[in-house]
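There are 4 protein chains.
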Amino acid sequence: MFFASDNAGPALPEVMQALTDANTGYQMPYGNDTIMDEVRQTLRDLFEAPEATIYLVTTGTAANSLALASYTQPWDTIFCSPVAHIHEDECNAPEFYAGGAKLTLVPGNDRMTPDALRTTITNEQNRGVHGPQRGPVSITQVTEQGGVYSVEEIQALSAVAKEFDLPVHLDGARFANALVALGCTPAEMTWKAGVDMVSFGGTKNGCMGVEAVIFFEPTKAWEFELRRKRGAHLLSKHRYLSAQMSGYLKEGAWLKAATKANDNCAHLLSGLKANGANILHSVDANIIFATLPRAVHQKLLGSGAVYYVMGGDVDAGDPDEQLMARFVCDWSLSTQQIDQFISLF
Amino acid sequence: MFFASDNAGPALPEVMQALTDANTGYQMPYGNDTIMDEVRQTLRDLFEAPEATIYLVTTGTAANSLALASYTQPWDTIFCSPVAHIHEDECNAPEFYAGGAKLTLVPGNDRMTPDALRTTITNEQNRGVHGPQRGPVSITQVTEQGGVYSVEEIQALSAVAKEFDLPVHLDGARFANALVALGCTPAEMTWKAGVDMVSFGGTKNGCMGVEAVIFFEPTKAWEFELRRKRGAHLLSKHRYLSAQMSGYLKEGAWLKAATKANDNCAHLLSGLKANGANILHSVDANIIFATLPRAVHQKLLGSGAVYYVMGGDVDAGDPDEQLMARFVCDWSLSTQQIDQFISLF
Amino acid sequence: MFFASDNAGPALPEVMQALTDANTGYQMPYGNDTIMDEVRQTLRDLFEAPEATIYLVTTGTAANSLALASYTQPWDTIFCSPVAHIHEDECNAPEFYAGGAKLTLVPGNDRMTPDALRTTITNEQNRGVHGPQRGPVSITQVTEQGGVYSVEEIQALSAVAKEFDLPVHLDGARFANALVALGCTPAEMTWKAGVDMVSFGGTKNGCMGVEAVIFFEPTKAWEFELRRKRGAHLLSKHRYLSAQMSGYLKEGAWLKAATKANDNCAHLLSGLKANGANILHSVDANIIFATLPRAVHQKLLGSGAVYYVMGGDVDAGDPDEQLMARFVCDWSLSTQQIDQFISLF
Amino acid sequence: MFFASDNAGPALPEVMQALTDANTGYQMPYGNDTIMDEVRQTLRDLFEAPEATIYLVTTGTAANSLALASYTQPWDTIFCSPVAHIHEDECNAPEFYAGGAKLTLVPGNDRMTPDALRTTITNEQNRGVHGPQRGPVSITQVTEQGGVYSVEEIQALSAVAKEFDLPVHLDGARFANALVALGCTPAEMTWKAGVDMVSFGGTKNGCMGVEAVIFFEPTKAWEFELRRKRGAHLLSKHRYLSAQMSGYLKEGAWLKAATKANDNCAHLLSGLKANGANILHSVDANIIFATLPRAVHQKLLGSGAVYYVMGGDVDAGDPDEQLMARFVCDWSLSTQQIDQFISLF
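The listed protein sequences derive, respectively, from chains A, B, C and D.
Counting from 77, one number per residue, gives the positions in the first sequence under the working numbering.
Counting from 77, one number per residue, gives the positions in the second sequence under the working numbering.
Counting from 77, one number per residue, gives the positions in the third sequence under the working numbering.
Counting from 77, one number per residue, gives the positions in the fourth sequence under the working numbering.
Among the hints, erroneous ones may be present.
Have a look at the derived ranges for each label pair, beta carbon to beta carbon [claimed, not checked]:
1. B:201 x D:374: 24 to 30 Å
2. C:204 x A:299: 30 to 36 Å
3. D:126 x C:184: 48 to 54 Å
4. C:204 x A:185: 21 to 27 Å
5. C:93 x B:204: 30 to 36 Å
6. C:204 x A:379: 52 to 58 Å
7. A:299 x D:332: 44 to 50 Å
8. A:108 x C:184: 51 to 57 Å
Simulated pairs of lysine to aspartate or glutamate, DMTMM-like, Cα-Cα distance not exceeding 25 Å [unchecked claim]:
9. B:296 x C:391
10. A:238 x A:228
11. D:375 x D:396
12. C:238 x B:299
13. D:268 x D:164
14. B:238 x B:124
15. C:238 x A:389
16. D:296 x D:239
17. C:238 x C:127
18. B:238 x D:164
19. B:238 x D:389
20. A:296 x D:301
21. A:296 x B:164
22. A:238 x C:164
23. D:238 x B:164
24. D:296 x D:191
25. C:332 x D:97
26. A:332 x A:113
27. A:296 x D:299
28. C:375 x C:327
29. B:296 x C:299
30. A:326 x A:113
31. C:296 x B:389
32. D:296 x A:241
33. C:296 x C:415
34. A:296 x D:241
35. B:326 x B:124
36. C:296 x B:164
37. B:296 x B:127
38. C:296 x B:391
39. D:238 x B:389
40. B:349 x B:391
Hints in this document: simulated from the structure, not taken from any laboratory.
Small disclaimer: the values here were computed from a predicted structure and weren't measured.
Heads up, the beta-carbon is just placed ideally off N, CA and C, and yes, glycines get one too.
Looking at chain A on its own, in the form it has when it is part of the complex:
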């Protein structure tokens, strides 16, 4: 009954096996391992992008910050949602890696709209050298509120960015969950929709700690390698990152895991609804925001369920007061666990 986050579950058996298999003999360090060659090819094939530049790092924050920094000057500003992970949850890492750049928030909830993005970009620059300069647009897919942009929505946001010649970044910490939700190809959700660079998450969907940074055009390759090393994110025994990603991608393990996570979420959603929960945003992948009365939270949490209540103090106050909570499902939850949780109501 663990719904706190998809960053707290175990690694996929396929990932563990790949790691075990990789643990023999010598491999050249720093990304020159042979497993990385295979991973690179697999991702290029998956993305139908034979020229793509592909690097592995251990955290989503590193993937986002290093990718964005490669396209952001210190005097630029990055456009993102007010609830973007890069804004709320990375302790100024994007600003650090980009040398002190700014983030400009596009008003709105969940998914950014093209109109709000255009207005925000337009407003950001009529000050010449005095104001920050326009930098990349960063889209979070799945959003931090559980929404999934349609391919058309990504296209529309990219089109706005292109009006201003700005690069587009996709924070795909939950890339697989979004892809499964949309039923499209990786290419359709990224470069075919105008995305220039992707943080392709592995950790939340069954790896131990690996994310790929993918640039669809290779201009920034060498600069990225220097940035990664300077950021202390180049692992010497890199094969253990490669192996994770290799196991993750093998025979669709990543898609199966995301499908299971999303299905788990759908199952949980119907259970929550049946018990009167008020659902707050569209539930498109594996995240639910809902309100429940304080007394209900107390019962659920008291019975061993684990999830975050964000709207106030669970322990004290009016038992009928509605408090917001977040429920995240990962692939490793079983239907039984969800049913057990629902039975607690």
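Got chain A; can you put chains B, C and D on it based on the hints?
This is chains B, C and D only, laid out in the frame that chain A set:
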């Protein structure tokens, strides 16, 4: 016959096993896993330092840069050897993490001497606000040239640092190799000798990618946590770092591995000497620098041995010219492999 | 008929004279000139703050960025208005000097309200190590929209900051204009109202390029000196900064200039109103925002008046459309020039 | 009898006059003043460089740091002399502005030699992504030890830099003193000798605080403008920088001042020699390093002379011990003052 680096070998079976054992169920993310509680206690016990603050990161560069940054202002300079890893091999990561601080090189080879350190520190500041301010002293143990400071030497360097009220950092990427070489305790090699913070390496001696940062007094704990997160070095599924370190420390696995690596090196050293190699620095742990004629390098490398030749072009030139090479032994080398290599001469 | 900005006018005769007087013989460099001793004392007396630390720099951006950086960690966020100069007009200088810190915008126009500030600060931190940490509150006095906070309003904002133990910065690029408008003492507008540090502007009110940074408690003095030098803002021939400030402060020249500027503005305001201008914000000092029909702008600008039209293209469009403009008055404008301008309507 | 530094004397009458003349009416801010147009043209003519990009800042540290940052990536290293101002006297400002880049010292005293430079550059990079990358070469002209590179020497250093495709920066804080010493043209000492960017000093030779940054090819113009603003070095009332530079350049005032300073130095040098001073470096412009017995220093300083003794404590010790001192002459010293000083021996 792989002597290129101890960062290219496999992980210890104990580490792999601990990782497998850890891969079940949920664990709170971001260092709040229960395995980390155990690791923290184990390291505090090992270092006889019940108040020590202990954090895990994935690379030695991260450990060094984050530890140093916690004690370095952007207008400071860090004192280190000209061959220090932080100077030569981290692509300005220490400068990056310390906000643009400088490194001041203490003249000399291999191990810094107290006199050279004192002179360098003294010279660094007679300029008030104009020059960089004096920052930490960083000692590499094992040095990049294979030397191991005696406990007395570390004490003497620390004493110089303390004359100027400067903190002392120990880059212990090969901490275990040095400890085994000295036959002392972790406390003797560190805080009892005046060291304030340690990068306690795991990766080179049998982990996949984990290093501990240890502060012997806890003042900087919260700041370090923020620096680590801002540097994108806080892993969500942190249990997999904890597990590596747990397996590494269990039942002396780390010391056995380092003993084997050092013994391998001693065996290799006698073989090299017997075949006329000119040994360049003192060989105290698991690293040898030696010169051999170009023709000999060609034969060895041509037969499948792997190591770095640093003194010139192996492929072209006078066959009798002496070229410098580096040989590093890890725990996973067998005596047979070394004998096989020696038999190639 | 120049209303574009108060950064485009000449220097006060008193400032010019002081500069001429200072231009003889040798003076120790880097702030050790004797004129600075006098300036320091004068400002301490003016602010009734005998312990205050006082430094001079050449730009308002430097004053703001260096002052804030002294109280902002790289992982912090600074709270300010969406129209604050530090946010909109300093090309990420505050972020640069603070090592990559963030700015968090307090919703609202013109003057921040205590409630909006409290809500914003409260919202900023429930994320532990993941979100930015709370940093200073920065108040712009005169605001960028021409408003002047009352002493009580500053007290109320400071009180909110103090609830969270946050320092308070006052961007006083137009300090004198605000002071004259309020008719209070410098101490009342600053430390007595809870302000910890002030950017005390000289440039806009009759200097050539000098601003004082004032800290009311001296803890950060040495750090500031290092930050100033590292920022390349420590002038060797510092006497020429001191002299400007000395002339500016002598015999109330600064207050007379600000009084004249504010009076000019009041005179202009009545002229604008009499001619049908729509006044947008409260006009409290020397800045007016107003809308006028495009045709009127065309006539005024075509007749040689200089001011910024911000609401759209002056040259093309419906002649009756209202376009926003900004009018700033400095001390050097004469009543005749204003009357001449008004006569153009 | 002031020989402490050429940063402590008054401004040239021509500079003061230009400032006074400029102090009337309105001028567009931020470098858009008409005086700057004239300065830009004058400098382009002087340098025979019609395409040169020219900017003004207030300090030599700003000129150096901003110029170098425009050609230095954060992972690069800048090559310079161990006694370079950018290394010893700028409190890590070059590192700050370049985002954490490193400085690599070319062994030697006074003037760098092409061989030492080539060896240093060669050694700096055989480490791929691990070591810092090669960045600009910075030449100080006049050196901090008083030497002046011949045009041929600058050509030879630039030629080495070009072997590695590295840009060349000239720190010309004492540009005029060097030019007068060499009797060549500005073009010959800079771009014709392979220099790409110049910090063209005004402050030490008779301005109040102004230095020009000159790029001989305009690629970095816009980036420099953003860097200058972000560094808080863009003055609003820019005309007062322009005016200083205008007065400085008018009718050869700058060359006359430098000639006088160098002549003063030659006069002082013969006086020092005649009184037994031991001259330490070549005296090529307006700086002398010499040793004198402690007792002599005591007499000179006790009689009111002002200069820096660097070799030890003047007040205490063996009266016969030789202590190193530095003597700098500016344009405003009179021959009588020098004679008076010499008469003190």
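Checked hints:
1. B:201 x D:374: 24 to 30 Å: Holds, since residue 201 of chain B and residue 374 of chain D (Cβ atoms, about 25 Å apart) stay within the stated range.
2. C:204 x A:299: 30 to 36 Å: Taking Cβ atoms as reference, residue 204 of chain C and residue 299 of chain A lie about 32 Å apart, which means the hint holds.
3. D:126 x C:184: 48 to 54 Å: 51 Å, holds
4. C:204 x A:185: 21 to 27 Å: 23 Å, holds
5. C:93 x B:204: 30 to 36 Å: 32 Å, holds
6. C:204 x A:379: 52 to 58 Å: 26 Å, violated
7. A:299 x D:332: 44 to 50 Å: Since the Cβ atoms of residue 299 of chain A and residue 332 of chain D sit about 48 Å apart, the hinted range of 44 to 50 Å holds.
8. A:108 x C:184: 51 to 57 Å: 54 Å, holds
9. B:296 x C:391: Distance ~60 Å between residue 296 of chain B and residue 391 of chain C Cα, so the pair is violated.
10. A:238 x A:228: With Cα atoms ~15 Å apart, residue 238 of chain A and residue 228 of chain A stay inside 25 Å; holds.
11. D:375 x D:396: At roughly 13 Å apart (the allowed maximum being 25 Å), residue 396 of chain D and residue 375 of chain D satisfy the hint.
12. C:238 x B:299: The hint holds at about 22 Å.
13. D:268 x D:164: Violated. Residue 268 of chain D to residue 164 of chain D sits at ~29 Å, over the 25 Å cutoff.
14. B:238 x B:124: Holds. Residue 238 of chain B to residue 124 of chain B sits at ~22 Å (cutoff 25 Å).
15. C:238 x A:389: Status holds; Cα separation ~24 Å.
16. D:296 x D:239: 22 Å, holds
17. C:238 x C:127: Within the cut-off at roughly 21 Å; holds.
18. B:238 x D:164: 24 Å, holds
19. B:238 x D:389: 24 Å, holds
20. A:296 x D:301: Holds, at about 24 Å.
21. A:296 x B:164: 24 Å, holds
22. A:238 x C:164: Holds - the C-alpha atoms of residue 164 of chain C and residue 238 of chain A are around 24 Å apart, at most 25 Å.
23. D:238 x B:164: The hint holds at about 24 Å.
24. D:296 x D:191: 30 Å, violated
25. C:332 x D:97: Satisfied, since the Cα-Cα distance of roughly 24 Å is no more than 25 Å.
26. A:332 x A:113: The given pair, whose Cα atoms are some 24 Å apart, holds under the 25 Å limit.
27. A:296 x D:299: 19 Å, holds
28. C:375 x C:327: 41 Å, violated
29. B:296 x C:299: 19 Å, holds
30. A:326 x A:113: 14 Å, holds
31. C:296 x B:389: 54 Å, violated
32. D:296 x A:241: 20 Å, holds
33. C:296 x C:415: Violated, at about 48 Å.
34. A:296 x D:241: 20 Å, holds
35. B:326 x B:124: 17 Å, holds
36. C:296 x B:164: 34 Å, violated
37. B:296 x B:127: Judged against 25 Å, a Cα distance of about 12 Å means the pair holds.
38. C:296 x B:391: The given pair, whose Cα atoms are some 59 Å apart, is violated under the 25 Å limit.
39. D:238 x B:389: Holds, because 24 Å separates the two Cα atoms, which is no more than 25 Å.
40. B:349 x B:391: 23 Å, holds
Of the numbered hints listed earlier, those contradicted by the structure are 6, 9, 13, 24, 28, 31, 33, 36 and 38.
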